[in-house]
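Listed in order, the protein sequences are those of chains X and Y.
Residue numbers for the first sequence follow my numbering, beginning at 271 and rising by one.
Residue numbers for the second sequence follow my numbering, beginning at 19 and rising by one.
Read the hints as simulated data drawn from the structure, not as lab findings.
Here a beta-carbon is modelled for each residue, glycine too, at the ideal position from N, C-alpha and C.
Please note: incorrect hints may appear among the correct ones.
As the list claims (entries may be wrong) - Estimated spans, in silico, between C-beta atoms of each pair:
hint: 1; chain 1: X; residue 1: N363; chain 2: Y; residue 2: S72; range: 16 to 24 Å
hint: 2; chain 1: Y; residue 1: G84; chain 2: X; residue 2: R331; range: 29 to 37 Å
hint: 3; chain 1: Y; residue 1: H80; chain 2: X; residue 2: T339; range: 37 to 45 Å
hint: 4; chain 1: Y; residue 1: A117; chain 2: X; residue 2: K312; range: 13 to 21 Å
hint: 5; chain 1: X; residue 1: L364; chain 2: Y; residue 2: S35; range: 21 to 29 Å
hint: 6; chain 1: X; residue 1: Q297; chain 2: Y; residue 2: S103; range: 26 to 34 Å
hint: 7; chain 1: Y; residue 1: K31; chain 2: X; residue 2: P278; range: 35 to 43 Å
hint: 8; chain 1: X; residue 1: S347; chain 2: Y; residue 2: G74; range: 25 to 33 Å
hint: 9; chain 1: Y; residue 1: H80; chain 2: X; residue 2: D340; range: 21 to 29 Å
hint: 10; chain 1: Y; residue 1: V20; chain 2: X; residue 2: S335; range: 39 to 47 Å
hint: 11; chain 1: Y; residue 1: S103; chain 2: X; residue 2: K377; range: 44 to 52 Å
hint: 12; chain 1: Y; residue 1: S72; chain 2: X; residue 2: N300; range: 17 to 25 Å
hint: 13; chain 1: X; residue 1: S330; chain 2: Y; residue 2: S131; range: 42 to 50 Å
As the list claims (entries may be wrong) - Below, computed lysine-lysine pairings styled on DSS-like, alpha-carbon distance capped at 27 Å:
hint: 14; chain 1: Y; residue 1: K41; chain 2: X; residue 2: K312
hint: 15; chain 1: Y; residue 1: K76; chain 2: X; residue 2: K377
hint: 16; chain 1: X; residue 1: K312; chain 2: Y; residue 2: K30
hint: 17; chain 1: Y; residue 1: K37; chain 2: X; residue 2: K312
hint: 18; chain 1: Y; residue 1: K30; chain 2: X; residue 2: K377
hint: 19; chain 1: Y; residue 1: K37; chain 2: X; residue 2: K315
hint: 20; chain 1: X; residue 1: K315; chain 2: Y; residue 2: K31
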Amino acid sequence: DIQMTQSPSSLSAFVGDRVTITCQASQDINNYVNWFQQKPGKAPKLLISDASNLDTGVPSRFSGSGSGTDFSFSISSLQPEDIATYYCQHYNNLPRTFGQGTKVEIK
Amino acid sequence: QVQLVQSGAEVKKPGASVKVSCKASGYTFTSYGISWVRQAPGQGLEWMGWISTSNGNKYYAHNLQGRVTMTTDTSTSTAYMELRSLRSDDAAVYYCARAYGDVWGQGTTVTVSS
Numbered sequence: 271d272i273q274m275t276q277s278p279s280s281l282s283a284f285v286g287d288r289v290t291i292t293c294q295a296s297q298d299i300n301n302y303v304n305w306f307q308q309k310p311g312k313a314p315k316l317l318i319s320d321a322s323n324l325d326t327g328v329p330s331r332f333s334g335s336g337s338g339t340d341f342s343f344s345i346s347s348l349q350p351e352d353i354a355t356y357y358c359q360h361y362n363n364l365p366r367t368f369g370q371g372t373k374v375e376i377k
Numbered sequence: 019q020v021q022l023v024q025s026g027a028e029v030k031k032p033g034a035s036v037k038v039s040c041k042a043s044g045y046t047f048t049s050y051g052i053s054w055v056r057q058a059p060g061q062g063l064e065w066m067g068w069i070s071t072s073n074g075n076k077y078y079a080h081n082l083q084g085r086v087t088m089t090t091d092t093s094t095s096t097a098y099m100e101l102r103s104l105r106s107d108d109a110a111v112y113y114c115a116r117a118y119g120d121v122w123g124q125g126t127t128v129t130v131s132s
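Work out the full structure: start from the sequences and follow the hints.
Take a look at the structure:
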């Protein structure tokens with residue numbers, strides 16, 4: 271099974287800061303990576319698919335990049351409504367494992 | 019609109035079974051597979067398995083094989099996930115999601131308590 275190692279587990283930043291989360295796959299997964307945002311008590315929401323494609327309606331301050339085994343997710347200018355936990359997930363094959371999650375907070 | 023609506027919260031005793039439903043609407047049910055994901059309190063997302071809604075092929079996470087069964091009823095556009103021999107660590111919110119995660123159900127809380 272492919273393992274997804276996500277870091278950091280949590281981060282705290284000021285409004286307006288750029289934040290970056292990384293995800294490393296245990297083997298080559300091409301660009302088959304999703305990034306999800308989950309707010310407390312809510313279902314996850316798909317932000318990015320295919321490593322870098324923004325889902326419809328997702329603000330352009332969110333972005334993703336990478337291919338092979340190394341991937342990153344960024345928020346260019348952190349906003350108060352971005353407080354959430356973010357997860358990567360691969361879909362190169364089954365099982366489609368998730369990263370451990372990154373909790374993003376405001377300083 | 020495209021949506022997945024799940025069944026309500028369940029309270030079960032250890033050793034019992036639970037069956038969660040996920041009814042799709044707003045799209046052709048058999049065009050997209052369904053994944054099941056769970057989240058224990060305060061924990062991350064755990065991928066449980068996937069079922070093809072067109073041919074019934076399924077894949078279960080290794081740690082759940084033997085206890086989980088995923089099925090679909092194409093006549094009602096509904097997917098089901100049954101988990102047997104419930105343990106305390108099965109207490110979680112269970113989600114269904116379409117295909118690669120673009121649409122999610124609202125979640126079903128399963129409590130396991132004697």
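These are the hints, each one checked on the structure:
1. N363(X) x S72(Y): 16 to 24 Å: Given about 19 Å between the Cβ atoms, the range holds.
2. G84(Y) x R331(X): 29 to 37 Å: Cβ of G84(Y) to Cβ of R331(X): about 45 Å, so the range 29 to 37 Å is violated.
3. H80(Y) x T339(X): 37 to 45 Å: 22 Å, violated
4. A117(Y) x K312(X): 13 to 21 Å: 20 Å, holds
5. L364(X) x S35(Y): 21 to 29 Å: Roughly 24 Å apart at Cβ, these two residues keep to the hinted range, so it holds.
6. Q297(X) x S103(Y): 26 to 34 Å: Since Q297(X) and S103(Y) have Cβ atoms about 33 Å apart, the given range 26 to 34 Å holds.
7. K31(Y) x P278(X): 35 to 43 Å: 39 Å Cβ-Cβ, so the 35 to 43 Å window holds.
8. S347(X) x G74(Y): 25 to 33 Å: 46 Å, violated
9. H80(Y) x D340(X): 21 to 29 Å: Roughly 26 Å apart at Cβ, these two residues keep to the hinted range, so it holds.
10. V20(Y) x S335(X): 39 to 47 Å: 28 Å, violated
11. S103(Y) x K377(X): 44 to 52 Å: 45 Å, holds
12. S72(Y) x N300(X): 17 to 25 Å: 24 Å, holds
13. S330(X) x S131(Y): 42 to 50 Å: Check passed, 46 Å falls within 42 to 50 Å.
14. K41(Y) x K312(X): The hint holds at about 18 Å.
15. K76(Y) x K377(X): Since the Cα atoms of K76(Y) and K377(X) sit roughly 44 Å apart, the hinted pair is violated (cutoff 27 Å).
16. K312(X) x K30(Y): 23 Å, holds
17. K37(Y) x K312(X): 21 Å, holds
18. K30(Y) x K377(X): 41 Å, violated
19. K37(Y) x K315(X): This hinted pair holds, its Cα atoms lying about 24 Å apart.
20. K315(X) x K31(Y): Between K315(X) and K31(Y) the Cα gap is close to 31 Å, so the pair fails against 27 Å, i.e. violated.
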